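**Q** Sequence:
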Amino acid sequence: MVDWLIEAFGFLTDVQTIVTWGGTVLVCAIIFVETGLFLGFFLPGDSLLVTAGIFAAAGHLDLSALLIFASACAVVGDQVGYFIGRRAGQALYSRPDSRFFKRRHLERTRAFYKRHGAKTIVLARFVPIVRTFAPAVAGTAAMNYRRFVTFNICGGVLWVWSMVLVGYFLGSAIPNITDHIHWVIAIVVLLSVLPVVVEVLRARRKGRAASEPA
Numbered sequence: 001m002v003d004w005l006i007e008a009f010g011f012l013t014d015v016q017t018i019v020t021w022g023g024t025v026l027v028c029a030i031i032f033v034e035t036g037l038f039l040g041f042f043l044p045g046d047s048l049l050v051t052a053g054i055f056a057a058a059g060h061l062d063l064s065a066l067l068i069f070a071s072a073c074a075v076v077g078d079q080v081g082y083f084i085g086r087r088a089g090q091a092l093y094s095r096p097d098s099r100f101f102k103r104r105h106l107e108r109t110r111a112f113y114k115r116h117g118a119k120t121i122v123l124a125r126f127v128p129i130v131r132t133f134a135p136a137v138a139g140t141a142a143m144n145y146r147r148f149v150t151f152n153i154c155g156g157v158l159w160v161w162s163m164v165l166v167g168y169f170l171g172s173a174i175p176n177i178t179d180h181i182h183w184v185i186a187i188v189v190l191l192s193v194l195p196v197v198v199e200v201l202r203a204r205r206k207g208r209a210a211s212e213p214a
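Numbering (the numbering used here), first residue to last: 1 to 214.
Worth double-checking, as some hints may not be accurate.
Estimated spans, in silico, between C-beta atoms of each pair [what the hints assert, rightly or not]:
1) 182 x 94: 39 to 45 Å
2) 173 x 64: 43 to 49 Å
3) 187 x 95: 31 to 37 Å
4) 187 x 59: 19 to 25 Å
5) 25 x 115: 35 to 41 Å
6) 98 x 172: 39 to 45 Å
None of these hints come from the bench; they were simulated from the model.
Owing to the predicted nature of the structure, the values given are computational and were not obtained by experimental measurement.
A virtual CB, placed ideally from N, CA and C, is assigned to each residue, including glycine.
Sequences are here, hints too, so could you generate the full structure?
**A** Set out below in structure tokens:
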């Protein structure tokens, strides 16, 4: 069982294999799971979309279908997350940790939401882990539904189109980039985790400042 889970985890985080083996359908399914279900927090949304854009430039995927369906899955995923949070309410913060749910991720996202308000639904799209939990946090906070839908659509489309088109233009501008896709993925992952690192450092700095005597 453990070996199977390790193998599945390896497959689901190997973006090049996902794109070449599953195409647009699997890319869209993973985008939905990452944005709509807590168990998808580890999935590589940013690097997956950029890689899909690169393969679209090489003619392996249809760009229009990728943009339309991935955007739809991102939006629907957040809708699911919102309703999970709305239904669970504050009890969600008492849920025990499990293999696919970590309460610290939820708490970190709640702090992000308190700082940025409704804009979180757009900003969180570009912050790994936070984007998975943001819609649920908005649901527990009873964010106005119409307002949520507006920010959700804007954020989902902006995220998917920006990531896919970055990959598409890289694939169009750099010959044989698919032979060096691992470098592209490494750079995207580095840039993706940067906001998380900044948030953690900022929180630690505020914590130290609060603990220092006046």
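**Q** Evaluate each hint against the coordinates.
**A** Hint by hint, here is what the structure shows:
Hint check: residue 182 to residue 94, Cβ distance near 41 Å, so the stated range 39 to 45 Å holds. Checking the proposed 43 to 49 Å range against residue 173 and residue 64 shows it is violated: the Cβ atoms sit about 20 Å from each other. Evaluation of the 31 to 37 Å hint for residue 187 and residue 95 yields a pass: the beta carbon distance comes to about 35 Å. With their beta carbons about 23 Å apart, residue 187 and residue 59 fall inside the hinted range of 19 to 25 Å.
Range check, residue 25 to residue 115: about 37 Å between beta-carbon atoms, so the 35 to 41 Å window is met. For residue 98 paired with residue 172, a C-beta distance near 43 Å keeps the hint of 39 to 45 Å intact.
The structure shown violates just one earlier hint, number 2.
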